[in-house]
Every structure is written in C-alpha cells, then in structure tokens.
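So the chains spell out like this:
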Amino acid sequence: MTIRENYVVPKRFNMIAFTLMVIGLLTIVGLYATHGSKEDPIAQARFWGSLLQNSVYFLLVVNAAMFFICATTLAWGGWQMSFRRVTEAISACVPVVGTICGVILLLICFGGNHEIFHWTDTEHVKHDKILSFKAGFLNKGFFAFMTVATIVLWSLLGWKMRKLSRSIDETPLNVEESKKYIWKNTVWAAVYIIVFSLTVMSSIPWLWLMSIDAHWYSTMYSWYTFASTFVAGVALITLFVVFLKNNNYLELTNEEHLHDLGKFMFAFSVFWTYLWFSQFMLIWYANIPEETTYFKPRAQGIYSGIFWLMFIINFLAPLLILMRRGAKRNYTTVTFMALLIIFGHWLDFFQMVFPGHQKDKVPMMLWDFGVALGFVGLIMFLTGRALSKSPLLAKNHPFIKESVIHHT
Amino acid sequence: MAVQKFITGNFYDEAVLFPAVKKVRRGGYKIHEVFTPFPIHGLDKAMGLRDTSLHTAGFIYAITGTATAVGFITWALTVDWQINFGGKPFFALPAWIPITFELTVLFAAVGMVLTFCYLCQLAPFVRKDHFNLRSTDDTFVLVLECTDKTNDAEAMSFLQSIGGQDVQVQYKETGWWLGRYDKDTKRFERKAEAAH
Amino acid sequence: MSLLRYESQVRPALVEGDKDYHQVTEDICRPVEARPSKLWWIGFIISVLFLAFGILSVTVEVIYGTGQWNLNKTIGWGWDITNFVWWVGIGHAGTLISAILLLFRQGWRTGVNRAAEAMTIFAVMCAGQFPIWHMGRVWNAFFVLPYPNTRGPLWVNFNSPLLWDVFAISTYFTVSLLFWYSGLLPDLATLRDRAKKKWRKAFYGVAAFGWTGSTKHWQRHEALSLVLAGLSTPLVLSVHTIVSFDFATSVVPGWHTTIFPPYFVAGAIFSGFAMVQTLLVVTRKVLGLEEYITIEHINVMNKVIVLTGSIVGIAYLTELFMAWYSAVDYENFAFFENRLNLNSPYGWSYWIMMGCNVLSPQIFWFKKMRTNLVVTFFMSILVNIGMWFERFVIIVTSVYRDYLPSAWSTYYTPTIWEVGFYMGTFGLFFTCYFLFSKFFPVIAIAEIKHILKRSGDNYKEKMDVVEKEDTIVFAEKQAHDH
Chain A
1 MTIRENYVVP KRFNMIAFTL MVIGLLTIVG LYATHGSKED PIAQARFWGS
51 LLQNSVYFLL VVNAAMFFIC ATTLAWGGWQ MSFRRVTEAI SACVPVVGTI
101 CGVILLLICF GGNHEIFHWT DTEHVKHDKI LSFKAGFLNK GFFAFMTVAT
151 IVLWSLLGWK MRKLSRSIDE TPLNVEESKK YIWKNTVWAA VYIIVFSLTV
201 MSSIPWLWLM SIDAHWYSTM YSWYTFASTF VAGVALITLF VVFLKNNNYL
251 ELTNEEHLHD LGKFMFAFSV FWTYLWFSQF MLIWYANIPE ETTYFKPRAQ
301 GIYSGIFWLM FIINFLAPLL ILMRRGAKRN YTTVTFMALL IIFGHWLDFF
351 QMVFPGHQKD KVPMMLWDFG VALGFVGLIM FLTGRALSKS PLLAKNHPFI
401 KESVIHHT
Chain B
1001 MAVQKFITGN FYDEAVLFPA VKKVRRGGYK IHEVFTPFPI HGLDKAMGLR
1051 DTSLHTAGFI YAITGTATAV GFITWALTVD WQINFGGKPF FALPAWIPIT
1101 FELTVLFAAV GMVLTFCYLC QLAPFVRKDH FNLRSTDDTF VLVLECTDKT
1151 NDAEAMSFLQ SIGGQDVQVQ YKETGWWLGR YDKDTKRFER KAEAAH
Chain C
2001 MSLLRYESQV RPALVEGDKD YHQVTEDICR PVEARPSKLW WIGFIISVLF
2051 LAFGILSVTV EVIYGTGQWN LNKTIGWGWD ITNFVWWVGI GHAGTLISAI
2101 LLLFRQGWRT GVNRAAEAMT IFAVMCAGQF PIWHMGRVWN AFFVLPYPNT
2151 RGPLWVNFNS PLLWDVFAIS TYFTVSLLFW YSGLLPDLAT LRDRAKKKWR
2201 KAFYGVAAFG WTGSTKHWQR HEALSLVLAG LSTPLVLSVH TIVSFDFATS
2251 VVPGWHTTIF PPYFVAGAIF SGFAMVQTLL VVTRKVLGLE EYITIEHINV
2301 MNKVIVLTGS IVGIAYLTEL FMAWYSAVDY ENFAFFENRL NLNSPYGWSY
2351 WIMMGCNVLS PQIFWFKKMR TNLVVTFFMS ILVNIGMWFE RFVIIVTSVY
2401 RDYLPSAWST YYTPTIWEVG FYMGTFGLFF TCYFLFSKFF PVIAIAEIKH
2451 ILKRSGDNYK EKMDVVEKED TIVFAEKQAH DH
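First to last, the sequence lines map onto chains A, B and C. The letter at position 393 of the first sequence is residue 393 when you use my numbering, and the numbering goes up by one with no holes. The letter at position 22 of the second sequence is residue 1022 when you use my numbering, and the numbering goes up by one with no holes. The letter at position 135 of the third sequence is residue 2135 when you use my numbering, and the numbering goes up by one with no holes.
The shape of chain A in the complex, shown without the other chains (with noise of 0.2 Å):
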C-alpha cells in the first residue's frame, strides 16, 4: 500500500468552487437589484435575510468541524484520526467564512433596515415595552460586540487547535511526549469547548437568530441550533471523506469509519427531531399566545409546507434510510444522505429567518439557494487550499494506530 500523503487540488475542483462562487456572486448582485435596493423596507429585508441565512448557517456547519475535533480530543476519541485533518480543512474556512457573516450580520444591524433586527429601530423600542425592557440585551453595541469577539475567538482557538495537530507532523513522539502532547490538546480543546458553550449553545443564536421574532424566547433555542449545524457539519466532513476516498486518497479511512460517520448522522438527527419535538410540543400543549405566534405561521401558515417538508427530510429520512448497517457503508447512499441532511437544515434555517419578516408571502427560494450555491463554492475551494497545505495523514498523533485497525 502506497499512501499519498499531499493532497493535489485538482484543477477541475477548482473550476467547479469558481463557478459556483460566481453564481453566488451574480445572485446576490441579482437579488440586490431586484430586493435589496428597493425602496420598500420588506423587499430590502428579503435580500438581508438571505445573506443572513446562508452566512450564518454555512458559518455554524463549517465550525461545527472544529467542534467535532475539540469533542473528540476530550473524548479521547481515536477511531477519527485518519481522517483528522479533513476535519482541520472544513475548521479553517471559520475566520473567512466568519469575516463574510461578520460584516453581514453588522450591516444588517447598523444598517437602515430595520425589518428582520426591529429592535435596532430605536424609535420603535422606546415605544415598545417589551422591546424596551430587553434593551440591554438587545443592542447594537452588545450585538457588535459580541458577533466579532465571538468569530475572532473561534478562529483563533481553531488556528491554535490545527496548529498543534501539525506541530508533530515531522516528530515521532514517544509514550511520555504522547501523554503531554495529548494533555496540551486537551486543555486547549477544553478552552474551545467552553467559547463553543457560551456561544453557540447559549448567547449566539439569541443575538443572531432568534432576535429576528425578538418579543418571541424559547430556552431551547441555542441547543436547538447547535443540534440542526452539528448534524449538517457531520454530513460535510462525510462528504469530504468520501470525495477523497473516490480521489485515492485516504488509504487509511475505509467503510468502518464511514459507518462510524454514518451512525454520527443518524443518532444526530434524531437528536436533532427530539430536540424539535421537545420545542414544538410544549409550546403546542401551553398554548400560550405569545409563544404559539412562532409556530403559527411556520406549522399553520404560508410556511407550512417548507416546515414540513424540513421535518421529512431531516428525520424521517435519516431514521428510514440511515438505520440499516449496510445503508451506513454504502458510499452512494451515506453521499445521498449527507447531501440530503446539509439541504434540510438549510431549509430548517431558512423557516427560522424569513417568516419573521416576510409575514405576506414566501420568498422564492431560488434566490436564496443561488446565494447558498456561492457560499459551497467558497468552502469548496477553502477546503482544498486547507487540505494541500498540509499532509493528509496526522501521522505522529498518538492514537492514529488505533484508527487504522479500527472495527465497528
């Protein structure tokens, strides 16, 4: 067995990321000129509310990779190793695709529109007692703040966390450096976790999303969330695995890791719909107004069918097709999978940003894939240039063997 350390990007690769960069571009140019510059303050929404989607949900999935690492890493985890630094790749997109949602999300709140953030209108909070009395949570400056010290952290703690992994690319340790070396691992995953824990699983999605409905709380929200991109990022370190595989790369990763992967997607999507369950049921059994107004009209109104078709495809499909074990070793089927799961957490984002102002009518969603289509050519071709940095077999890591005789 030969094993190809350097990852070459082929060029057809990158012509593909171009591509749909541009068809990025031109959408969002494209929505620009038919929403964004519009004088009516919804249709300027419409085109916000698009780049706040896809910005925001392609930057959870994408540092959903590092998350996964960190897990592991505290885990103690060593099945993962041989294919470790795809999952370094997807993390290193954070501070560019972080930099985009970033000035996104600042944009959206200094900017003038005031529909999807109503409470960056301070003419309307003071009139508004609810929207008043959370003023001090609910403010630019604490949004600003928050939104850039949050990406800056990230990415920092990612860059650290990847820099340690190639720190012993050319050094064999022995049992003793092992121990350190995984004790320094630990304590920095450790530190990543605890930023991860106040951010995404607590403050981050209040500020970012749920602000959007901002009279409208649930407690659930922030794990809700955590649920819906930790699943979607599986199925993207999948599909990169699986796309070096057909590439002859990653000799070491074979189909008991892609079962291993394809487990992770299964049992999180369930999580995932008990989590929705959890949120929906209460809120339906309580029936109390102020909660019910947020499932009104994404279960009962003009989004009804997005909803519902989200919930299919982001439980009932993984639960049917993913629960065989022959289903979680076939490339053709975990691919299928993987693509389905990342397209319905879009949509699951996608219910969570625009029925909060686009109250008349459903967006068309072409738009918004358009947009989305950019954002995948972006991590594409930050992926690539990640993944041929650095070579693709963490070699010296200490549980690397145990990877290569991994058996499910």
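If you are wondering where the hints come from, they were derived from the structure by calculation, not from laboratory data. All values derive from a computational prediction rather than experimental measurement. Check before you lean on any hint, since a few could be wrong.
Lysine-lysine pairs mimicking DSSO-like chemistry, simulated, CA-CA at most 27 Å apart [said to hold, decoys possible]:
hint	chain 1	residue 1	chain 2	residue 2
1	B	K1005	B	K1128
2	B	K1045	A	K263
3	B	K1022	C	K2216
4	C	K2216	B	K1128
5	C	K2201	C	K2216
6	A	K184	C	K2468
7	B	K1172	C	K2216
8	C	K2198	B	K1128
9	B	K1030	C	K2216
10	A	K163	A	K389
11	B	K1023	C	K2477
12	A	K359	A	K38
13	C	K2196	B	K1172
14	C	K2197	A	K179
15	B	K1128	C	K2197
16	C	K2367	A	K163
17	B	K1045	C	K2216
18	B	K1022	C	K2477
19	C	K2468	A	K163
Assemble chains B and C onto chain A, guided by the hints.
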C-alpha cells in the same frame, strides 16, 4: 435429539483458534460448535455462520408497537369516547408521541429478548451440554462432529496438529432438556454407553 | 503480526496487574463464592432496618391518608415528587453507561456497567414507590392502566404527562431489567460451571437459562446487546424528558420552559454518575476489586460529572437569562424573587443547588481532584444533595406562592412518616444492592475478558514495539496481513 459422537479440542489463545477454525473447515471436517467464554469478533464469520436476522425481527416488533399505540389511542380518544382535553383537538397527535415512543421501545425490546431466548433455547430449568465446564472460564472449545465415515484417530491427531489440547472423544446429547444442574441425569449416560 | 485489537499506551490500562482469563474469573467470582464479610452483614442489617421503617411509614400513610405527611394544601406536593424525580434521575446512569457508552465503544464501561445497571433498576424501583403511595387510595392504583372498564369504558387520559410517566417508567424498568439480565446470563453460567455446592449449582443453573457460550449464541447475544443499546439510548433520554414534561407542559412560571427536556436528562446523568461513584468507591474497596475498577475509571466518571454539571449550569443560566429576557412579570418573580433572592423563604435552596451542582464540581477540572478517592466520595454525596435540591427548587419555589397571595404558605415541615418513607427507599435501594453484590458478579466477567488483551496492563506493556513503529509501516503491515 439424540446422543452423538464428537471430538473436542481446547484452545487458550484467539490467535491460535482463528487459524485452527480455518484449517478445520479447509480440512473437510464439520465444526459442530465453538464454545467461548466471551464473544470473539469475527469468529462467526470464520466459522461460516450466517449473520443473525435478529435486527429485522426487532424492527418488525418496533413498528408493531408504534402501530398499536397510535391505533389504540386514536380509536380510544377519537372514536370510542371523545373528551375535550384543554381545548385540544380529539386527534392530538403531538401529545401521543411519548406513549407511542415508549410502546415502540417496549415491544421491540421484549419481542427481541423473547426471540433471542427462543432461538438460543434459553429458559429457566433448561439444561444443555457444553462439553467442557472451563469453556465459560478461560477455554475455547472446538467441537467436531463425527459421522460414520470419520476416522477418529486421524481427526484427533489433526486437531492436535493445529493447536488443540486435551483432544477427546465425547458422547453428548445435542439438544436441550429440562433439568437442574445439581442433579446428574443418568439416562443420558446410559444412552451414551449404548451409542459406543 | 496482524493485530486483532490495539490500544495506545498513552491510555491508562483498564485492568491492572498480571491477569489472564482465568484470573479474571477467579477475582470477580471470589466475593460471590466466599462467605459474606462482617461489614456486609452490618450494612445489610442496617439497610433492612431502614426498609422496615419505610414499610411502617407507608402503612401508617395508607391507613390514615396523606395528611399523615403534613400534606394539607392543594398546591403542596410534600417531598414526594422531589424524591420521585431524584430517584428516577439516579436511575439514568446505569443504562447510560451500558447503552450509550457501548455505542460510543468506551472500553472503560466494562468495569462499571454491571453494578451501574443494577443500581439503575433499584433506583427505578424506589422512584416508583412515590407516585404509587402518593395516590392515597393505593388500592385504586390500577386505574392508571388503560383497561376496558364498566365506566364507559372511560379511557385514561392519554394526553396527560402523568400517564406518559406511567408508560415511561414501566417501560424503562422492563427494558433495563431485560438488558441487565441478558448481559448477566454468560456470567451466571460461569458461576454455575464453577459451583461446587448443590444449592449453587441449582440456583445458578436455573438463573443462567442453560447458557453455553456457543458462537452462534454469542453472535445473537451481541446483536441483541447492540439493538437493546440502540433502543435504550433514546429510551433513557425519553424517560427523564417525560418526567420534565410533567412540569414543562404546564403554564406555571419556572416550569414552562422548552429547555427542560435536555436539561433534565443532563441532570439525571449527572446525579446518576454521582450515585455510581458513591457505590463503586466503596464496592471496589470492600470486595477487593481495585484492579478492575481502577482509579482511571473513577477519573473518567468524574470527567462525566464535570461535563454534565456544566451542561446543567449552562441550562440554569439560560433559564435565568430567559426569565429576564421574556419580560414576563411572573417569570421574573419566580426566578428573581422566589429563587435567586436569598432572603425569600426558599432562596437558600436555590443557592445550595447552585453551589452543589454547578460550582463545586468544577474542582474536577483538575486531575489531582478527579483521582482522589476521598474527594470523589465527598463530591458524589454533595452532587446528590444538590440534585435533590434542584428538584426541590423547581417544585417548591414555583408553587408555594400561587397566584392568590392568600394561599401563600411559607414552610412545609414533613412529619416523621414522610421522612421515614424517604429513608425507607434508601433501605430498599441498599438492601437490593447488598443482595446483588453478594449473589451476582458486580463486574461483567465476559466483557472484561473481551477487553483484556487490548486494555490489560500486562498486555499493553508488550505493545512497545508496535507503539514505536512508524505509522505508515504499521499500516502497511496490517493491510498486508488481512
């Protein structure tokens, strides 16, 4: 079931057992059973055993549970006796999900365990022979089935040559019977003598 | 050399000392086959006395009614629901360890899963007592079952979270029992085949169901364990979720909040692991099983405790934040007056909860603390006190000041019979645990053997050559051999 003749050999290391199983099969002998004190991954494949379809049974039990729960509750609360609970519709599906889920799991678990016990013939007071009492401790016991054509001495030396220890000929009852382990059942000994 | 299994030397061994398969059997069967020690008898008798007092307390309650507990207000739930939720929570660690950790292939689970599962079953038994005896007219308890009756038939209210509880707890008990017992079969067979005495042969012979350990049976057994683990994992989550629904489906401030399900589950795992620590720190010492339940096991479980404690902490803070953010007066009052305010009648309980559940487990960030047995034992007790108070805080502080201020009652003082009932469940729990530790192997023998050659001390030491090997050379060798 009847008493039959077997040749048994003991193994103490998986690394010896695996090649031995392969050689026995290649040598044309029929493996009656391999008894091990703990599960050894891949041994079933090495022995050429079919994969179990217990999973499929579990899935069927599970959907039976789901259907039972949804069907029964729907009938009870929308057809048989309608009651307005808190202004909810009679067909209040979200509120039934918890019980539906519990019954799904209950049916699947109970059904599978019963199926497992049935397939493996496990029940209180069931007795079975497993050739060597140390096979639940530290010994892997490979059991060859003997037919009329089997040359005992040849088979025994073959088993020895591939690493088997304490190779013996044993006459054992192949099926299960009801009894207690503290009482030795004389009737099988008599049968065994008859088979000599 | 082709390896069947391999584990990095960086990981501490899970079985210490120079062991082979036979030695494992000997070590774990020894406490079962030896005469009970004096310590065992003392503990057992104390437990039985507690149980006896519990039975007396319950008898008094059944004869005279729940008024005997001082329970005389419509909104008061006494200690019962707190005790119930507390015990159910404790009953979550066992199945979590055996099911979720099986799916995650955590080798360290083998040392502790058997005892933890047993503990789960006993804890659920204790939990079940509270709703049953709290009914007052306990002879009508069968009314909770949906059976065709002469009242219509009037079916039970399938829309009620309390009925979901009936299904959840009974399913959980049944499935846990099946999971535990199917795992026990091979080990009971080991005991049966080692037995010298007549009654042992008879008892373990019946209990082992005629297990032989044939490959086909192991294959089915493995499949069964995996599927049961797959079923139990969502089941564990569902049980405490449904318990949380008891509160969260209501419109009571402090109860109706969407984060309750996952947060209750995290709390349950948290308290369950604490109880496992309490039991195992003692068990390993008394039964001489330190080489199987190693400091590493304690260390890892303490990591789970700090993780789940922190998740619970995030949930507490989320709730607190949302109470403010909601801008609802009632939510604000429930959290900032009834709970957070130390000077309010029950404010102290909130701070006990915060201190025991969120702050004190943070010392487990340090390895010195995680591997210290005295600290572990002390912390495990503290966590369980904290988790009792968590349920107390949720239940009491949300309802003791109802919407009608004239109904505001401050203090509820339980009588000896209610306290006795609670103590009685401890008696039940420990009586069962003592019997279990005497008659059943407290460690899964077959599963320890399964990981021995990968994680055993003496086998790991032999891996030096492999450990030093270059990864690519190693991979090539493995690929060549297969």
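- request: Would you pick out the hints that fail for this structure and give their numbers low to high?
  value: 14
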